[in-house]
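Dock chains B and C against the given chain A, drawing on the hints supplied.
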Amino acid sequence: MGSVTAAAVAAPAALTTSQRAARRRQRILGLIYLVAAVVMVVQFALPLDAADQSRLVLTLPPAAIRVPDLVLPSAGTLYFLALVAAFAGAIQLTRGFGARWALILALVATAFVLAFLVWVAAGQSMQLTGLLQTTVQRAVPIVFGALSGILCERAGVINIAIEGMLLSGAFSGAVVASMTGNVWIGVLAAALTGALLAALLAVLAIRYLVDQIVAGFVINILVSGLTGFLATRVLQQNQQLNTPPRLSIDPIPLLSEIPVLGAILFRHNIFTYSLFILVVLVFVGLFYTRWGLRVRAVGEHPKAADTAGINVFHVRYRNVILAGLVAGLGGAYFTIGSGVGFERDMTGGRGFIGLAAMIFGGWNPLGALGAGLIFGFADAIQARTSILGIQIPSELLSSLPYIVTIIVVAGLVGRVRAPAADGQPYQKE
Amino acid sequence: MKLELRGITKRFPGVVANQGVNLIVQPGQVHGLLGENGAGKTTLMNVLYGLYQSEEGEILLDGKPVRFGGPGDAIEAGIGMVHQHFMLVPVFTVTENVMLGVESTRGPWLQLDRAKARDRIRQISQDHNLHVDPDAYVEDLPVGVRQRVEIIKTLYRQSRVLILDEPTAVLTPQETDELFEIMRSLVAGGTSIIFITHKLNEVLEVCDQITVLRRGRVAGTVLPQESDKEQLAELMVGRPVQLVVDKEDAAPREPVLEVRSLTVRDDRGHIAVDNLDLTVHAGEIVAVAGVQGNGQSELAEVVTGLREIESGEVLIGGQPVGPNPRAVYRAGVAHVPEDRLEEGLVPGFNIAENMALNNYWLPPFARGLRLDREVMVARSEERVREFDVRTPSVFNSVANLSGGNQQKVIVAREFSRELKLLVAVQPTRGLDVGSIEYIHRRIVQKRDEGTAVLIISTELDEVVALGDRIAVMYKGRVVGILTPEEATFARLGLLMGGAHPEEGKPEEAAAAGAGSTGS
Amino acid sequence: MSDEREEARDVEPALDAPEDAPEDAPRQLAEAGVGDTSGTQPGPPRRRGEGLRRLLGSLVLPLLALFSAFVVGGVIIIASDAQVIGRIGTDPLGALVLGLSTVVDAYTALIRGALGDPVQIASAIASFDGLALRRSLGPISETILSSTPLILTGLAVALAFRAGLFNIGAEGQLQAGALLAVLVGFSLVGLPWFVHLPLALLAGAVGGALWGFLPGLLKARTGAHEVITTIMLNFIAFRLVDYSLRTPLFQRPGRSDQISKIVEPTATLNPILDGLRAHWGIAVALLAAIAVSWLLFRSTKGFEFRAVGLNPQAARYAGMSIARTVVMSMMAAGALAGLAGATVVLGTTRTMTPGLAGGAGFDGIAIALLGRARPAGVVAAAFLIGGLRAGATPMQAATGIPIHLVVVIQALVIMFIAAPALVRAIFRIRAERQIGAEAFAKGWGA
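Residue numbers (our numbering), protein chains in the order written: chain A, 1 to 429; chain B, 1 to 519; chain C, 1 to 446.
Isolated chain A (complex conformation):
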């Protein structure tokens, strides 16, 4: 307890941004790199046969152009990658990388992921393109959730109800699409349901000044209870209400024929494409338009926005409801987008991962997309552990995104700044 006591007096939370903390962060980062290097050698490289080769299959049928498989000497590649990480770690520990730390982090992370894949594929072959395609698929609902969070929080309202909004979209999308036999009406219903819940969040948070985390939390259990109730009471007896048509996969002409990349990015259904468009739209909107300037002002300093003649309440209501539309849409991916019926609590915490992706991505749509892809990758790997014969327990592997999130939130990797007024209700007097 002694050290904690001393730290308490010396460095309360307010001092985290000081240079000392930055230096400590540098050191931690360096240590993480070194640990990564050690893992690559001890866990991955040493147990392998020197003659082992890793075959990474790059062509995913159907493909017009075949790309030859990537065949690497397993152990050699691993030693090389470990060397890269160790080198980066050593420099990070001694003199640091200054402003380029993010680049180096990305480099080491990539090296580690590559090493992991090489290790898994040692002595066998692995469908890399297929894995990355799954990564994108898994990332879709997460990024939808993250975008929802960004829309909300950039205007200063914490959205912890992403999970509930996703779940509600999954439910109403499935039911309405089943009833009408039309996926588009289902998608629309999903978006509207999300918006309805968002409106509830907005009223509670903005009108009734309910603590925003509590309000979001309430919505999550409300949706979980309500959809569980209706699924049991209504859908169980009426299975025809829960057999939504599936949204077809529409490869984009030409683009989908690009080797490797085409299969990864352009052989999906409309959900994925609209997500890409949405990410760009929100990014441009937030940083290059009048709407975005006002939204960000409201999220940073609502009183300043108010005195500049901007109606803080309107902006917040509008954005929260917009966020609900997006999350509801993302929820439909679970049912309509995947062609399965609704199941109780089927979103399984993806909304919270979306929240984490939002923070990881620094409240920036492009960052959130990147973070979502990382989480999607972890998800995709986990889904294939049995096929790939990975010796790491899948539970631990699937904890990785959560652990990474904690590390990111703890600011050990770098500083992300939340909108300054995030979570603070605005009152005229």
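Keep in mind that the hints are not guaranteed to be accurate.
Some chain B residues well away from chain A (every beta-carbon gap over 10 Å; in silico) [said to hold, decoys possible]: (1) I24; (2) L130; (3) K153; (4) R370; (5) D461.
Dumping the calculated BS3-like pairs for lysine-lysine here, alpha-carbon to alpha-carbon at most 30 Å [said to hold, decoys possible]: (6) K116/B <-> K303/A; (7) K199/B <-> K303/A; (8) K303/A <-> K428/A; (9) K428/A <-> K64/B; (10) K428/A <-> K2/B.
No lab work stands behind these hints: they were computed from the structure. We treat Cβ as the ideally placed atom computed from N, Cα and C, and that holds for glycine.
Structure of chains B and C alone, referenced to chain A:
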């Protein structure tokens, strides 16, 4: 533009903030709005700016009645306001802040046209000699520049009536003079200015007409040339006011606080206190003057054990001080912090609990892990009587007390034991004159008991009135130590602005005081 | 050991005591009640009668919230009833009557499932029939059983609330505590019960405290928001349990599913009455409530917790250590949640499975809100929610209304409690006094 307020009444639950206020501002006039803290100046201006809606009364612009549903309407009508707490988004650039709400856009999606706005800001900045870089981020700008950004904001919106709410509170006397220059240039262009302050000399210097508010009502309207400080003070307070503190000469004894070559970093890791030396003796008051943000707060935090020392040392009674507030407490140091409600009190706690906030862990309050509430309440009741805290009972929440009574709770807590050293930061900020007098008396009393007193204040009146010696801080250093006799406002102002101590010699200061202070 | 009722009576005065203490509800969460901020109470220290009046006054809003939630729940039952919907076009009145009768049936079954049938209980007592008595007390026993962990998780959330922290991690802390408690419970053999049982309970508390320590430390050291870190730690705890139960250390020999070895008899919390499931864990929970009450309102540590929770900056200026308080309060909260896990594995299930005590940690949040972060309130709220949970299964069996209804009701109760203005608007109650709607959420950065 001529502005007229007629019979404005604004009520808040339990308080009448403005009662039938009339105010006429002629075109091209600087109209002073003078009043004590809590007299209703800011409320009145917020009504004018559309932030509040008044229950009664009307606003006329050039004789035509107008109604403002929000600041947007007021801006539209040509009213601009520079708030006491700047309304700027720190992470935005100057351009983004200025254009917010009146953005220039292009294209179907209303994309921001930053270039166009930037050009206009450059133009305005040149026209009025404001020296503002449109592409700078506001969080990187010093307060004086931020204020000019606020002024640009109003000019960008072509305001004809400009409200300046306590604009000089954050400025050095020299910066204040620059602001007055800007104000004169604006008025010459036909803008009307409402200048809110509680500083008497300022209204007399810059205003064409002065309206004094007292407890939400107009106490009088006067012309500066027909008035003086004494009359204004009396109008403000409602009774004759003694403008100086009654005190004997100090009888300094041994040194109690010794600060040697002290260097300290602020929260952002920048050097805040830079190789500073300072000694405070038993039985004397050392008052530290300086513009806010020159390391005074950090100095106080180090002395009270709340902040780490980067290098150098701080001795209290000859013993070094570490970052341990408990040890500092035991050493006999009291601390009246800068912000009552943020740092001094727990608003959710009642008076009894707040009075034990810093010593609940010692007997007789603490008996092992147990907290003796009976003792806590009894002690608190004694102190409420002794320090004349006006409250029905010690079970009342401090949040419901007036500012003066809140400060008395802190003073009662900190002063009721034998003290070696008293550190008081902004001890009277935001208080009414009666409370200021009371707090000052108590501080002087402590000095006379032999306590070493370190006062940190940005109010020059207070510094001069209380200090036996006056230290001026600039950029983390003590740039000069003066006696009260030497400490003219002009000389203090020069030092606060970073001038070399030699420049502030009395004869020069006298000359500077007569004319304008060119540096 | 004494009768359980004796225990309960002992609890009363101790739990009442803090009500007299000059105590303040920390934030809007705790300010849900009308005229609550005792600090604003004028006059000398309060007298008994006044305290009672205040207590009644503070019950008005929770009761109205509960009532509103049940009404909305009823609407949901009616709206989801195919028969009612089918008849509404042709016979609206008949549909309404049908709908209402369904609701009444459901709620009757719910209440009966939670409290039992008074007639049956009375006749059982009159007939001196031990078996009939036990049977008639079954529902109450079930309510006590499900309330036991809820009291503890409710305290875990409430204690953290008081220190200004939003502990969403009670669920994970419960899992961690249960895992460690069950390990001690089955692995130590040959100890006498008065050593083994306390040791196993302690293990639960330690496991939870560890799981609370982490977010506390991260908050204190780096400012990482506890809501995010505790949510993540919940997920990690689930995975950890999943994983552990497949290791030879935990997994029951001869089983391929994830189930632990059985707790030794020396470490079990035995039933209060033979044949009923309610066990002595309830005594542990109530003692914990008394301890938390004392800690918060009668101890110097509690003074620190509350000061830091209300105004960390002022607490720091007064010489308190925010970091230490944050870490300690999170550890204490974690220990309480871990204890909840221990009571489940040592008393109710005597083994560990994934998804055990599902949701008790999340329910703790509802309970802390409902009980307005006061130990006595938490106990009352836990019995309420516990009763709903216990009554839900018989309700589904008898009327076919899914158990998830109580989740909906619970969500609505929190919503109405958290938005007192909403309830006032519905029932047109005038606010007695302007309640400062001071937000306690400080955003992610703080």
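Against the structure, the hints come out as follows:
no., hint, in the structure
1, I24, "holds, 24 Å"
2, L130, "holds, 19 Å"
3, K153, "violated, 8 Å"
4, R370, "holds, 21 Å"
5, D461, "holds, 30 Å"
6, K116/B <-> K303/A, "holds, 26 Å"
7, K199/B <-> K303/A, "holds, 27 Å"
8, K303/A <-> K428/A, "holds, 8 Å"
9, K428/A <-> K64/B, "holds, 27 Å"
10, K428/A <-> K2/B, "holds, 28 Å"
Hint check: a violation occurs at hint 3 only; the rest are consistent with the structure.
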